[in-house]
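Protein chains: 2
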Amino acid sequence: MAQSNARSAQASKILETSPLDPAEARWIRLGKITYTDPLGVKRVWETAERQTRPKNSTIDGVGIIAILDTAQGPEILLQKQFRPPINKVSIEVPAGLIDEGETPEQCAVRELKEETGYVGAVEKTSTVMFHDPGLTNANSSLVHIRIDMSLPENQSPVPELEENEFIECFTVPLATLYEETKRLEQEGFGIDARVGTLAEAIELGKKYSF
Amino acid sequence: MAQSNARSAQASKILETSPLDPAEARWIRLGKITYTDPLGVKRVWETAERQTRPKNSTIDGVGIIAILDTAQGPEILLQKQFRPPINKVSIEVPAGLIDEGETPEQCAVRELKEETGYVGAVEKTSTVMFHDPGLTNANSSLVHIRIDMSLPENQSPVPELEENEFIECFTVPLATLYEETKRLEQEGFGIDARVGTLAEAIELGKKYSF
Chain A
211 MAQSNARSAQ ASKILETSPL DPAEARWIRL GKITYTDPLG VKRVWETAER
261 QTRPKNSTID GVGIIAILDT AQGPEILLQK QFRPPINKVS IEVPAGLIDE
311 GETPEQCAVR ELKEETGYVG AVEKTSTVMF HDPGLTNANS SLVHIRIDMS
361 LPENQSPVPE LEENEFIECF TVPLATLYEE TKRLEQEGFG IDARVGTLAE
411 AIELGKKYSF
Chain B
211 MAQSNARSAQ ASKILETSPL DPAEARWIRL GKITYTDPLG VKRVWETAER
261 QTRPKNSTID GVGIIAILDT AQGPEILLQK QFRPPINKVS IEVPAGLIDE
311 GETPEQCAVR ELKEETGYVG AVEKTSTVMF HDPGLTNANS SLVHIRIDMS
361 LPENQSPVPE LEENEFIECF TVPLATLYEE TKRLEQEGFG IDARVGTLAE
411 AIELGKKYSF
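Those protein sequences? They're chains A and B, same order as listed.
Numbered by the working numbering, the letters in the first sequence go through residues 211 to 420 in order.
Numbered by the working numbering, the letters in the second sequence go through residues 211 to 420 in order.
A few of these clues could be false.
[What the hints assert, rightly or not] Below, computed lysine to any residue pairings styled on SDA-like, alpha-carbon distance capped at 25 Å:
| # | chain 1 | residue 1 | chain 2 | residue 2 |
| --- | --- | --- | --- | --- |
| 1 | B | Lys265 | A | Leu225 |
| 2 | A | Lys323 | A | Gly283 |
| 3 | B | Lys417 | A | Gly283 |
| 4 | B | Lys252 | A | Glu373 |
| 5 | B | Lys265 | A | Phe399 |
| 6 | B | Lys265 | B | Gly241 |
| 7 | A | Lys242 | B | Asp231 |
| 8 | A | Lys416 | B | Ala331 |
| 9 | A | Lys223 | B | Arg239 |
| 10 | B | Lys334 | B | Ser419 |
| 11 | A | Lys242 | B | Leu307 |
| 12 | B | Lys265 | A | Glu397 |
| 13 | A | Lys417 | B | Leu414 |
| 14 | A | Lys223 | B | Lys242 |
| 15 | A | Lys417 | B | Thr386 |
| 16 | A | Lys265 | B | Glu226 |
| 17 | A | Lys242 | B | Ala235 |
| 18 | B | Lys417 | A | Ala385 |
| 19 | B | Lys334 | A | Leu414 |
| 20 | A | Lys242 | B | Glu259 |
| 21 | A | Lys392 | B | Leu307 |
| 22 | A | Lys223 | B | Lys265 |
| 23 | B | Lys223 | A | Thr268 |
| 24 | A | Lys417 | B | Ala331 |
| 25 | A | Lys242 | B | Pro229 |
| 26 | A | Lys223 | A | Glu395 |
| 27 | A | Lys242 | B | Gly241 |
| 28 | A | Lys323 | A | Arg263 |
| 29 | B | Lys223 | A | Glu259 |
| 30 | A | Lys252 | B | Ala235 |
| 31 | A | Lys417 | B | Ile357 |
| 32 | A | Lys252 | B | Gln261 |
| 33 | B | Lys252 | A | Phe399 |
For the record, the hints were derived by calculation from the structure and aren't laboratory data.
Quantities reported herein were computed from a predicted structural model and do not represent experimental measurements.
So here's chain A without its partners, still in its complex pose (with noise of 0.2 Å):
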């Protein structure tokens, strides 16, 4: 399967790239975070914050993991979406951030239909996974939603985007998801560490064999 968005994400060119103010900043912000080691020694940190994560939430978003069962095998449902901070088309999980008052679950079922169309049920939320924690309080659970594909509503799933998302969707078998980031990245996609450590350990698990 692999369905594709009319508006290619691939088009997408940077004009130019200039210091960002912080007053000006609506996005992210910089910290300095002054603490004490172990030893007792006053040290100072940098991070840089979303300034989007809603109050009383202690995440910023949801990675979906949906996998379809076809009669090939299971296929990860992926996105290829164009990422201004690396310049790339980027290969992700579907993604997003929280609303407020949004569970992660309430999230990912959300963003889930927005971006891919598909309706789909949790099945259950991993821990909260922080994306560089020596850089920023970045974060998200990767929420696993089933996607039954006998409903009418998942036959034809048509993508709700906004005007500023270019998405295009398509499912690579989790079976070969190594050698298909290793292919994109050749390509000159940029792989997710997300999409990227998922095919590492699946890896992983079949020279192990759990």
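Chain A is fixed; fit chain B onto it per the hints.
The following block gives chain B in isolation, referenced to the frame of chain A:
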């Protein structure tokens, strides 16, 4: 196996967090990216970047997958380290930033020796993985390192930590990494995305028996 650092990672304490003046920032910078979307519409995106990436390098650092083969089965080498941005002790794979002129593989062997005391040999390197491509260009590769436990230098490995590093090493059976990360989260540790995603994918591998 568990080796403990006398200087515990768990006694750090944040005293204050304040806005960081970009003129003062030494490790991170904010950027404003102007780009055109696939429809040709001009848009702006904010980004945070590490200032530490060497010129001529396209990646910031490495994570290290080191599996110790024990009589009880394969165990993954992990670390506990206080991370100011998340105000938690984080559960991570050994990792580090690339020095000028260093390959990811050289960096991985060096950092493993420094942080854990183990001497290892590189087996393979993953794709470059982007940690949070909507927020930052921060990235790394996972380098798989084989540790020969029969070598004399690996009998009683001694880390060579810098005076501002407080790292505890421990190992977890790969087969129960999922349960262990859930337990560590309950105890208040922060789970790094690479560790958490490895755990999730090993469970997927078990489910689908690749």
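Cross-check of the supplied hints:
1. A threshold of 25 Å between alpha carbons decides the hint, and for Lys265/B with Leu225/A the separation of about 21 Å falls inside it, so the pair holds.
2. With a C-alpha separation of about 23 Å, the suggested pairing of Lys323/A with Gly283/A holds against the 25 Å cut-off.
3. Our distance criterion of 25 Å between C-alpha atoms is met by Lys417/B and Gly283/A, whose separation comes to about 12 Å.
4. Taken as a hint, the Lys252/B and Glu373/A pair is honoured in the structure, with Cα atoms around 13 Å apart against an allowance of 25 Å.
5. Between Lys265/B and Phe399/A the alpha-carbon distance is near 22 Å, which keeps this suggested pair within the 25 Å criterion.
6. Proposed proximity of Lys265/B and Gly241/B is supported: the alpha carbons are some 18 Å apart, at most 25 Å.
7. Using a Cα cut-off of 25 Å, the hinted pair Lys242/A and Asp231/B holds, with the two alpha carbons roughly 9 Å apart.
8. With a C-alpha separation of about 21 Å, the suggested pair Lys416/A and Ala331/B falls inside the 25 Å cut-off, and the hint holds.
9. For the hint linking Lys223/A to Arg239/B, the alpha-carbon distance of about 22 Å falls within 25 Å, and the restraint holds.
10. Between Lys334/B and Ser419/B, the direct Cα distance comes to roughly 23 Å. Compliance with the 25 Å bound is thereby established for this hinted pair.
11. Restraint check: the Cα-Cα separation between Lys242/A and Leu307/B comes to about 20 Å, which is no more than 25 Å; the hinted pair holds.
12. A threshold of 25 Å between alpha carbons decides the hint, and for Lys265/B with Glu397/A the separation of about 23 Å falls inside it, so the pair holds.
13. Of the pairs offered as hints, the one joining Lys417/A and Leu414/B holds, with about 14 Å between alpha carbons and a cut-off of 25 Å not exceeded.
14. For a cut-off of 25 Å, the pair hint linking Lys223/A to Lys242/B stands: about 14 Å separates their Cα positions.
15. With a C-alpha separation of about 16 Å, the suggested pairing of Lys417/A with Thr386/B holds against the 25 Å cut-off.
16. Restraint check for Lys265/A and Glu226/B: satisfied, since their Cα atoms lie roughly 19 Å apart, inside the 25 Å limit.
17. Straight-line distance between C-alpha atoms of Lys242/A and Ala235/B comes to about 9 Å, which keeps the hinted pair within the 25 Å bound.
18. The hinted pair formed by Lys417/B and Ala385/A meets the criterion: a straight-line CA distance of about 12 Å does not exceed 25 Å.
19. Distance check on the hinted pair: Lys334/B and Leu414/A sit about 12 Å apart at the alpha-carbon level, within 25 Å; holds.
20. Annotation: proposed proximity of Lys242/A to Glu259/B holds, straight-line Cα distance about 15 Å (limit 25 Å).
21. Proposed proximity of Lys392/A and Leu307/B is supported: the alpha carbons are some 23 Å apart, at most 25 Å.
22. Among the hinted pairs, Lys223/A with Lys265/B is consistent with the structure: their alpha-carbon atoms are about 23 Å apart, no more than 25 Å.
23. At most 25 Å may separate the alpha-carbon atoms for a hinted pair to count; Lys223/B and Thr268/A meet this at roughly 19 Å.
24. Between Lys417/A and Ala331/B the CA atoms are separated by roughly 18 Å; this keeps the pair inside 25 Å, and the hint holds.
25. A distance of roughly 6 Å separates the Cα atoms of Lys242/A and Pro229/B; the hinted pair therefore holds under the 25 Å criterion.
26. For the hint pairing Lys223/A with Glu395/A, the CA-to-CA distance comes to about 19 Å; that is within 25 Å, so the pair holds.
27. For the proposed pair Lys242/A and Gly241/B, the alpha carbon gap of about 17 Å is at most 25 Å, so the pair holds.
28. Restraint check for Lys323/A and Arg263/A: satisfied, since their Cα atoms lie roughly 21 Å apart, inside the 25 Å limit.
29. Under the criterion of a C-alpha separation no larger than 25 Å, the hint pairing Lys223/B with Glu259/A is consistent with the structure, at around 19 Å.
30. For the suggested pair Lys252/A and Ala235/B, the alpha carbons sit about 18 Å apart, so the restraint of at most 25 Å is met.
31. Distance check on the hinted pair: Lys417/A and Ile357/B sit about 17 Å apart at the alpha-carbon level, within 25 Å; holds.
32. At roughly 23 Å between alpha-carbon atoms, Lys252/A and Gln261/B fall within 25 Å of each other, so this suggested pair holds.
33. Between Lys252/B and Phe399/A, the direct Cα distance comes to roughly 22 Å. Compliance with the 25 Å bound is thereby established for this hinted pair.
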